[in-house]
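K.L.:
The listed protein sequences derive, respectively, from chains A and B.
Sequential numbering of the first sequence, starting at 1, is according to the working numbering.
Sequential numbering of the second sequence, starting at 113, is according to the working numbering.
Hints are not guaranteed to be accurate.
Claimed, not checked - In the SDA-like style, the derived pairs of lysine to any residue whose C-alpha atoms are separated by at most 25 Å in a straight line are:
#1 A:Lys40 - B:Glu150
#2 A:Lys36 - B:Lys169
#3 B:Lys171 - A:Glu100
#4 A:Lys41 - B:Glu150
#5 A:Lys40 - B:Lys171
#6 A:Lys41 - B:Lys169
#7 A:Lys19 - B:Lys216
#8 A:Lys22 - B:Leu157
#9 A:Lys41 - A:Thr80
#10 B:Lys168 - A:Pro95
#11 A:Lys40 - B:Lys169
#12 A:Lys22 - B:Lys182
#13 B:Lys216 - A:His10
#14 A:Lys40 - B:Gly197
#15 A:Lys40 - B:Leu157
#16 B:Lys182 - A:Phe64
#17 A:Lys40 - B:Ile125
#18 A:Lys52 - B:Leu205
#19 B:Lys168 - A:Ser65
#20 A:Lys40 - B:Glu117
#21 A:Lys52 - B:Lys169
#22 B:Lys216 - A:Ala39
#23 A:Lys36 - B:Ala211
#24 A:Lys36 - B:Gly197
#25 A:Lys18 - A:His77
#26 B:Lys169 - B:Val159
#27 A:Lys40 - B:Gly152
#28 A:Lys41 - B:Glu153
#29 B:Lys182 - A:His77
#30 A:Lys41 - B:Asn136
#31 A:Lys40 - B:Ser219
#32 A:Lys40 - A:Ala87
Calculated from the structure, these hints are not laboratory results.
These are the residues of each chain, in order.
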Amino acid sequence: ETGVTQTPRHLVMGMTNKKSLKCEQHLGHNAMYWYKQSAKKPLELMFVYNFKEQTENNSVPSRFSPECPNSSHLFLHLHTLQPEDSALYLCASSPGGVNEQYFGPGTRLTVT
Amino acid sequence: TQLLEQSPQFLSIQEGENLTVYCNSSSVFSSLQWYRQEPGEGPVLLVTVVTGGEVKKLKRLTFQFGDARKDSSLHITAAQTGDTGLYLCAGGLRNSGYALNFGKGTSLLVTP
């Protein structure tokens, strides 16, 4: 399998649930990212990992918890979310030192 | 504050027409990328421009980076229905690490 994959593609969860989003990149890149895409808003950068180390946390609420066990895998753990957290969550990766990013297909999250 | 402003926000044209969309900022970018995103999918990288005044062509798509590296344009010649999608520009700032700033996008609809 090539590129950036994300699972699940769709997720519906209640506000008291705990779930995790998974991202895997097969491109040999060093950096991985989580973005949130809501209607009528630009892509919002949430977290950046470089060589498994978190280098950026864009003031994201603690109900979103990232995990990067190695350079190929990235998780986003979710708990006690709010309805306004419903959005498309995109994972991306990039080679070290450049800005070109390669995106996965996203997880469409609905919080009920 | 929105660093990158894209215009127009929406564009509906017929097959065969030409169009130009714009990406403007008051900031200087070290590089700028254009992506196309289809509904329910992640953005797909089209091109990266890094040199002021640079022009790149991708089949019927022509990308230009402004001389001052603050703005960019995307011109499509003889649009096809397959060009339909959300066109996003994203810029990398010096000393901002790997983070990209995204515009809100131009939603293009090409009808037969």
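K.L.:
Need the list of violated hint numbers for this structure, in ascending order.
P.N.:
Violated hints: 2, 5, 6, 7, 11, 12, 16, 19, 21 and 29; rest satisfied.
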